[in-house]
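2 protein chains.
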Amino acid sequence: MLDKDRLNRVLQQMAKMGVHQMMITDPNAVFYMTGKWIHPGERFLALYIAENREPVLFVNELFYFPEEVGAKKVYFSDTDDILPLIKAVVNPAQKLGVDKTMAAKFLLLMMEGGAAAGYVNGSLAVDTTRAMKDEAEREKMRVSSHVNDLAMAQFRELIHAGVTEQEVAAQMLDIYKKLGATRYSFDPIVAFGANAADGHHMPDDTVLREGDCVLLDVGCVVDDYCSDMTRTFFYKREPDELQKEVYNLTRRANETAEEMLKAGIPLCSVDKTARDIITEGGYGKCFTHRLGHFIGIEDHEFGDVSLANKNLTAVGNTFSIEPGIYVQGKVGVRIEDLVLITENGHEVLNHYPKDIDVIG
Amino acid sequence: MLDKDRLNRVLQQMAKMGVHQMMITDPNAVFYMTGKWIHPGERFLALYIAENREPVLFVNELFYFPEEVGAKKVYFSDTDDILPLIKAVVNPAQKLGVDKTMAAKFLLLMMEGGAAAGYVNGSLAVDTTRAMKDEAEREKMRVSSHVNDLAMAQFRELIHAGVTEQEVAAQMLDIYKKLGATRYSFDPIVAFGANAADGHHMPDDTVLREGDCVLLDVGCVVDDYCSDMTRTFFYKREPDELQKEVYNLTRRANETAEEMLKAGIPLCSVDKTARDIITEGGYGKCFTHRLGHFIGIEDHEFGDVSLANKNLTAVGNTFSIEPGIYVQGKVGVRIEDLVLITENGHEVLNHYPKDIDVIG
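Chains E and V, in that order, are what the protein sequence lines are.
Quick note on numbering: my numbering labels position 265 of the first sequence as 265, and the sequence is numbered without any gaps.
Quick note on numbering: my numbering labels position 256 of the second sequence as 256, and the sequence is numbered without any gaps.
Think of the hints as simulated: they come from the structure by calculation, not from any bench.
Some clues are possibly wrong.
Pairs involving identical chains hold if they fit within one copy or between any two copies, as the list cannot separate such chains.
Said to hold, decoys possible - In silico DSSO-like pairs for lysine-lysine, Cα to Cα no more than 27 Å straight-line:
#1 Lys73 / Lys285
#2 Lys87 / Lys105
#3 Lys72 / Lys4
#4 Lys36 / Lys105
#5 Lys16 / Lys87
#6 Lys100 / Lys73
#7 Lys95 / Lys105
#8 Lys244 / Lys272
#9 Lys16 / Lys310
#10 Lys100 / Lys87
#11 Lys310 / Lys105
#12 Lys100 / Lys36
It should be emphasised that the depicted structure is a prediction, and the values quoted were computed from it without experimental measurement.
The following block holds chain E by itself, in its conformation from the complex (with noise of 0.2 Å):
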């Protein structure tokens, strides 16, 4: 059912740009606001919003459902020409706002039909909507992180004598699924050794060897809502100098970056925080990446922890906390938690140890 609170929140800001109508495509977004998932592929699904007017969903009969949304449904069939059922309700004097992903042939379609007077970029709109969570996500981010900390334990079991990336990796899924997951929120990464300092690596056929690191980056999907996790171990052995000095400044790193969270803090102060402890200790151009994402519906979703991105923390937002270190050729050691902005200051959403742990 359409969310009255999310859609106010979205308008809100809509005025803020001076967008006064809006075409949302973008089916992530159209669960945001209606709780509905539909997945049109090729086909049109739009969820028209504008103040003072009914919400109106766009939908193709292929995917006929027969509850109310909150919205008023308008179908079609594949045969149908759409632009007239657009028109239909589009207010031809004012202009448009289209999702930054809106496919090209829709928005061609709606110019060359002269459907709006103009059409702007909204996304921001519900992106910045999206990136506050209401309680009710809250609550869902905090319950997909839990999964994902018990499914963490479990995966260290599967760390033992001759088995290799991919055979890690492949029961990943099957462990989320017994915990309650419906997915994966993105494809695990699962690697030992050298390989681990590689920010591309795939699992593959690499047998694990004694005193390698074990670079584990998991998340699944609960409830619509994501999880993402980073543990790094070691195998069979304590860790070396190198491997132990990379640890605790990364956990450093990690932990100092979650303590100062807070809302109206600027983005780029916390990636600042995490990077200067690392380049003090020697290792500054060996964190090659920003150091968190947005996460919720989806894995990464509008928002970043960066040194680029001024904007501050506000109350809602989850995002990921991941320093890294990754010396080519020999450790890559990476450590990631969810957090939360709270009234109080933050929740971090993992509580699986940091601590060294040697496995086997």
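Got chain E; can you put chain V on it based on the hints?
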């Protein structure tokens, strides 16, 4: 490496459409043209092509790769403004073809920046070219469907007393991978009994019962090309009269449609042939979807086998022939092969038997 033959064929199609430059952003199409997979997520990725111009690949430096790709590479970072880079390449005096799926944020950026004289959906140029598989692609389609045949034989062995749909489905990916596939081409459909009559059914915890039909609609990706096949088995008991009638009618529709295939016949006539058989058998209303879809790098590509498609088959087309009869609450049968249109007629790419098969 950029495939000159494919490039020339796309440029010829563009010329027919009066489009003389194009920005291709669909990662599947970029792969088709260059042999290079880049999954840019929300970031800009585009292959610019134009007559008598060196192709240009716009790619974020996060996806840096050292090897030659047969196009000039233009790298940019997350903080760079891409508009000047685009304007330095696009001819502002000509209209620009764009992908049907290009994200609105990029199209609006180019429009607001005056990059071209106009913008037009140019996807048809790429899509019609992709629909005519070249020799290398045909061989990959054969191999992928061969793997699917071998997998189906193993999937059959998963059907036993007490098993659930979900338990069967959960074992399929491993089987595919051991046979050399990289992934599913789509999430497998496993449906027992009346579930097989529900077009939207996903594998759940339904337990197999004696007398059930067992519908398996499955496919994998081998060497970047998709397979897709459906077989319907029966469990433990010879099919009853209704099951047998529905099965034999579906099989006759499948085989008759396949037998007529050659280059130059209307795709709608193929659908009609299969549909007429089922309608004359009294089950026309139970065949609720089109007869088939084109397939290749993607499971569903441009082109279909439906009453609405008046286009003619052409050498190199690969598509599915998948009639089905769905008797709500009772039984669902679908029999699907992939086919290839050849110079001499056609090849059926699947060879898994279609005789009534009672398991257990």
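Now for the hints, and whether the structure bears them out:
1. Lys73 / Lys285: Between copies only: 25 Å across chains, 53 Å inside a chain, cut-off 27 Å.
2. Lys87 / Lys105: Classified as both; 16 Å inside a copy, 22 Å across copies.
3. Lys72 / Lys4: within (14 Å within a copy, 50 Å between copies)
4. Lys36 / Lys105: Classified as both; 24 Å inside a copy, 25 Å across copies.
5. Lys16 / Lys87: This pair counts as within: shortest intra-copy Cα distance 25 Å, inter-copy 31 Å.
6. Lys100 / Lys73: Classified as both: same-chain Cα gap 23 Å, cross-chain 25 Å, threshold 27 Å.
7. Lys95 / Lys105: both (18 Å within a copy, 15 Å between copies)
8. Lys244 / Lys272: Only inside one copy: lysine 244 and lysine 272 sit 23 Å apart there, 69 Å across copies, limit 27 Å.
9. Lys16 / Lys310: Cα proximity of lysine 16 and lysine 310: one copy only (19 Å, versus 49 Å across).
10. Lys100 / Lys87: Result: close both inside a copy and across copies, 21 Å intra and 20 Å inter.
11. Lys310 / Lys105: Intra 34 Å, inter 22 Å, cutoff 27 Å: inter-copy only.
12. Lys100 / Lys36: Both ways: lysine 100 and lysine 36 sit 20 Å apart in one copy and 25 Å across, limit 27 Å.
When held up to the earlier numbered hints, the structure conflicts with none and fits them all.
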